[in-house]
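Chemist: Following the working numbering, the numbering of the sequence shown begins with -10 at its first residue and continues without gaps.
If you're looking for bench data, these hints aren't it; they were derived computationally from the structure. Any given hint might turn out to be false.
[What the hints assert, rightly or not] Derived lysine-lysine pairs resembling BS3-like cross-links, with alpha carbons at most 30 Å apart: (1) Lys77 / Lys48; (2) Lys48 / Lys10; (3) Lys11 / Lys48; (4) Lys10 / Lys36.
[To be verified] Now the in silico label distances, taken between C-beta atoms and shown as ranges: (5) Thr108 / Leu33: 23 to 29 Å; (6) Pro91 / Arg31: 37 to 43 Å; (7) Asn25 / Gln(-8): 37 to 43 Å; (8) His72 / Thr29: 32 to 38 Å; (9) Ile0 / Asn37: 30 to 36 Å; (10) Glu55 / Leu(-5): 39 to 45 Å; (11) Ser76 / Lys19: 43 to 49 Å; (12) Ala54 / Ile83: 35 to 41 Å.
These numbers come from a predicted model, not from an experiment. No residue lacks a Cβ here, since even glycine has one placed at the ideal position from N, Cα and C.
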Amino acid sequence: MTQPTLNLHAILTRTSRLETKKLPQEAVGKFEFDVNIANTWRALAEKNRYAASVALTLKGRVEGAEVLTGEYVVEGIVEIVDHDEASKQHILAIWVPNQLVPYIRELLSSSTSRSGFPTILLPPVVFQPPTIIPERAMLPGSPKQLH
């Protein structure tokens, strides 16, 4: 049996788009931002190769009017050899996205600062496995499922 291996072959910027509208001068400092971040992965045609990506969407509003929209996607190409299915899922859903977050953070901050808007700094994001609460650790009378 061979040793399990993991190789990160490439980190690619798939999308880096920021659209802005004219901002009234008196609105500086009155921003509201919505940031959504998600991760996906897929198998590639080449054996044991996968692409895992982190996508970030941004919407900026001033007094309810949308003045800023952005979309960023960073992808990592990995080779995963001789790992069991659970390890492979962990690598693709958690390890690779955690490697990509600094790149998407830099894309976001540099593009917003160059646009004339205040720099948006993405707080630390850590992808983690879902928390599972053992049934015996629940308080009596608590629901069996968390909603």
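Chemist: Sort out whether Lys48 lies within 30 Å of Lys77, counting only the CA atoms.
Modeler: violated (33 Å)
Chemist: Straight-line Cα separation of Lys48 and Lys10 no greater than 30 Å?
Modeler: Answer holds: Lys48 to Lys10 is near 12 Å, not above 30 Å.
Chemist: Is the gap between the beta carbons of Ser76 and Lys19 within 43 to 49 Å?
Modeler: holds (47 Å)
Chemist: Between the beta carbons of Ala54 and Ile83, is the distance compatible with 35 to 41 Å?
Modeler: holds (37 Å)
Chemist: Could one say that the CB atoms of Glu55 and Leu(-5) fall in the range 39 to 45 Å?
Modeler: holds (41 Å)
Chemist: Using the Cβ atoms, figure out if Pro91 sits within 37 to 43 Å of Arg31.
Modeler: violated (22 Å)
Chemist: Does the beta carbon distance between His72 and Thr29 stay inside 32 to 38 Å, or does it fall outside?
Modeler: violated (19 Å)
Chemist: Can you tell me whether the CB distance of Asn25 to Gln(-8) sits inside 37 to 43 Å?
Modeler: Because 38 Å falls inside the window, the suggested range holds.
Chemist: For Lys10 and Lys36, compute the direct alpha-carbon distance and say whether it is at most 30 Å.
Modeler: violated (45 Å)
Chemist: Is it true that the C-beta distance of Ile0 to Asn37 lies inside 30 to 36 Å, as the hint says?
Modeler: Since the Cβ atoms of Ile0 and Asn37 sit about 18 Å apart, the hinted range of 30 to 36 Å is violated.
Chemist: Going straight from one Cα to the other, do Lys11 and Lys48 come out at no more than 30 Å?
Modeler: Holds - the C-alpha atoms of Lys48 and Lys11 are around 15 Å apart, at most 30 Å.
Chemist: Given a hint of 23 to 29 Å, does the C-beta separation of Thr108 and Leu33 actually sit inside it?
Modeler: With a Cβ separation near 35 Å, Thr108 and Leu33 fall outside 23 to 29 Å, so the hint is violated.
In summary, the structure is inconsistent with hints 1, 4, 5, 6, 8, 9 from the numbered list given earlier, while agreeing with the others.
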